[in-house]
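Student: Below are the chains, spelled out letter by letter.
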Amino acid sequence: MDFYFGLAQTVGIHTLLGLSAYIVLLTGQVSLAQAAFFAIGAYSAGMLTVLAGWHVVPALGVGSLLGAVTACAVGFPALRVKGLMLVVATLAFGEGVRLFFFNFDYQVAKGGIRVGPLGGEGFRQIRFFPEHGWTTAEVMLFIWVFVIGVMALLWWFDRSRYGAVLRSVGEDEVAAQSVGINLTAVKVSAMTVGGAIAGVGGGLYAHYTTHIEHANFNVLLATFAIAYPIVGGLRTVFGTLAAVIFVQAFLIEGLRFLGDWRNLLFGALIILAMNLRPHGLFGRHSA
Amino acid sequence: MLELKAVSRYFGGVRALDGLDLTVNEGEIVGLIGPNGSGKSTTVNLIAGLFPLTAGEIVFRKQALRDVPVHKRLQLGIARTFQNIRLFGQLSVWQNLWVAQNSPEDRSRRGFFSRWLGGQTRGRKEIAQLLEFSALGHKQDELAANLSFGEQRRLELARALAARPKLLLLDEPAAGMNAEEIGQLRQRIVDLRAEGITIVLIEHVMELVMGVADRIAVLNFGQKIAEGTPAQVQSDPAVKKAYLGGS
Chain A
1 MDFYFGLAQT VGIHTLLGLS AYIVLLTGQV SLAQAAFFAI GAYSAGMLTV
51 LAGWHVVPAL GVGSLLGAVT ACAVGFPALR VKGLMLVVAT LAFGEGVRLF
101 FFNFDYQVAK GGIRVGPLGG EGFRQIRFFP EHGWTTAEVM LFIWVFVIGV
151 MALLWWFDRS RYGAVLRSVG EDEVAAQSVG INLTAVKVSA MTVGGAIAGV
201 GGGLYAHYTT HIEHANFNVL LATFAIAYPI VGGLRTVFGT LAAVIFVQAF
251 LIEGLRFLGD WRNLLFGALI ILAMNLRPHG LFGRHSA
Chain B
1 MLELKAVSRY FGGVRALDGL DLTVNEGEIV GLIGPNGSGK STTVNLIAGL
51 FPLTAGEIVF RKQALRDVPV HKRLQLGIAR TFQNIRLFGQ LSVWQNLWVA
101 QNSPEDRSRR GFFSRWLGGQ TRGRKEIAQL LEFSALGHKQ DELAANLSFG
151 EQRRLELARA LAARPKLLLL DEPAAGMNAE EIGQLRQRIV DLRAEGITIV
201 LIEHVMELVM GVADRIAVLN FGQKIAEGTP AQVQSDPAVK KAYLGGS
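Note that the protein sequences, when read in sequence, are chains A and B. Under the numbering used here, the residue at position 29 of the first sequence is numbered 29, and the numbers go up by one with no gaps. Under the numbering used here, the residue at position 57 of the second sequence is numbered 57, and the numbers go up by one with no gaps.
Hints should not be assumed to be uniformly reliable.
Pairwise CB distance ranges (calculated) [as the list claims (entries may be wrong)]: (1) Asn263/A with Ala135/B: 52 to 60 angstroms; (2) Glu142/B with Glu121/A: 55 to 63 angstroms; (3) Ala135/B with Trp155/A: 30 to 38 angstroms; (4) Val69/A with Pro35/B: 53 to 61 angstroms; (5) Phe11/B with Lys82/A: 43 to 51 angstroms; (6) Phe100/A with Phe11/B: 38 to 46 angstroms.
Just a sample of chain B residues kept apart from chain A, beta carbon distances all over 12 angstroms, derived [said to hold, decoys possible]: (7) Met1; (8) Phe60; (9) Asp67; (10) Pro104; (11) Ala128; (12) Leu131; (13) Glu132; (14) Gly137; (15) Ala162; (16) Gln232.
For the record, the hints were derived by calculation from the structure and aren't laboratory data. Just so it is clear, CB atoms sit at the ideal spot from N, CA and C, and this is done for glycine as well.
Based on the sequences and whatever the hints tell you, model everything.
Tutor: Below, the structure is given as structure tokens:
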């Protein structure tokens, strides 16, 4: 049973990552910086529980806040460029953050051992959950409270005027500004919300794996972040969830018996899925 | 109300607009005609702020527009339609009008408190009126991309009106329409003027622009070659030469 709880934890955390890219994609922006906001949430929340002895909930709040603040700060300069230039700019930022953590040492002695991030060796012993006796099932439920909360928030956004404004910017920026929509404000706000979601996801990730290092937050993770909403379609938040289940549960775990052939099939299935459902698993049928 | 003073816009070596002077008075319908590539759309794009002026000045209600970004110009009261329809295709007809409610009153009405004090109801009522005005009420939940060409033109006009503009820039609104649709469009333009909206109309369909415009300016190669009432412009030898060529 623990295997399924563990899988549900992975699905939940990757859903948060995908949703952080979902709201940014609604405005037509492709950001490869989501893994960086995720890393900032992971390191800051981990440091607060391990080094400062905080409870995990406020630590996640701070991780989320730092993710949002960073995303907002990155958004202003980065969103002046579009398309491929934005991809390159956010990629460069993401790698910059990863290299920062590669070189980041901040250890203190606690009960005889030194804890905290140690550069390339990573940040070990983020043991809030085991120290407080949480079972795998409890950790899974804890993660899913956040997943459901974020999905509900984005679902509500989508029904509100704000959601329609995000989509109008994604469809046609010239028309959107001509009807009085402030493009910078809309894009930066979407980026900020995305940063907050990624920050929470990262904080949860740090605590359930108990060990993080810079290599966890590389370009592959950033690619997964945008792949989920693209594969799932931008019509509703459930598309992203479906894509995460498709990739994590079916492609990665379900096909494990295929051994190395899995990687080959993995790419082929994604291409197949996108050909059969060009607007995503949950996308619209109309062209 | 609107004043263009020696407005120029060059694209590389191309002088799309070269020293245009034009005044539009409150309540007027001013026609802007000229052969393809004469600078008509460039003029509208400059007034709407889509790209910066190379030289000159545009003044709207005593305010110089040079540093006013596009979305702020709408809030000042300048709305437009596009030559090639630009709707939000994956949004419904209703949502297309909803996102376009960005006048200063609309924005203040969306404040946290006023929203619950009837602000939302008023916004919805205005959308219903616009749908009625453009005969799109039965299509309000349809995706804009699925509308017919004529319906898309009507929706784009309604979307421009959603922020209750004082000045409306229409860039070839009759392009691709049949005679019946042009007749309806003409009636709508006349109705809008009666409501006090000033209109700049770019149009190739002569019967429309000659029929509704109070004054017409003729452009050719980025310069104004004639200006006057429809009758004056029609009999101007320079205009005939520009349209028919020859010497």
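Student: With reference to the structure, classify each hint as holding or not holding.
Tutor: Results for each hint:
Distance hint for Asn263/A and Ala135/B: a CB-CB separation of about 57 angstroms, consistent with the stated range 52 to 60 angstroms. For the pair Glu142/B and Glu121/A, the supplied restraint of 55 to 63 angstroms holds, since their beta-carbon distance comes to about 59 angstroms. A hinted range of 30 to 38 angstroms for the beta carbons of Ala135/B and Trp155/A is consistent with their spacing of about 33 angstroms. Roughly 54 angstroms separates the CB atoms of Val69/A and Pro35/B, a value that falls within the hinted 53 to 61 angstroms.
In this structure the hint that Phe11/B and Lys82/A lie 43 to 51 angstroms apart at CB is violated, the actual value being about 20 angstroms. With their beta carbons about 43 angstroms apart, Phe100/A and Phe11/B fall inside the hinted range of 38 to 46 angstroms. Residue placement check: Met1/B keeps its beta carbon more than 12 angstroms from all beta carbons of chain A (closest about 19 angstroms). Listed as outside the interface, Phe60/B is consistent with that label: its C-beta sits roughly 15 angstroms from the nearest C-beta of chain A, beyond the 12 angstroms cut-off.
For Asp67/B, the condition that its CB be more than 12 angstroms from all CB atoms of chain A holds, with the nearest at approximately 15 angstroms. With a minimum CB-CB distance of about 10 angstroms to chain A, Pro104/B fails to clear the 12 angstroms threshold, and the non-interface call is violated. Taking the minimum C-beta to C-beta distance to chain A, about 16 angstroms, the non-interface status of Ala128/B holds against the 12 angstroms cut. For Leu131/B, the shortest C-beta to C-beta distance to chain A comes to about 16 angstroms, beyond the 12 angstroms cut-off, and the non-interface label holds.
With a cut of 12 angstroms on Cβ distances, Glu132/B stays outside the contact zone with chain A, its closest approach being about 20 angstroms. Once the 12 angstroms rule is applied to beta carbons, Gly137/B is consistent with being away from chain A; the minimum gap is 19 angstroms. Residue-level check failed: Ala162/B sits 7 angstroms from the nearest beta carbon of chain A, not beyond 12 angstroms. The claim that Gln232/B lies off the interface holds: its Cβ sits roughly 33 angstroms from the closest Cβ of chain A, which is beyond the 12 angstroms cut-off.
Checked against the numbered hints above, the structure violates hints 5, 10 and 15; every other hint is satisfied.
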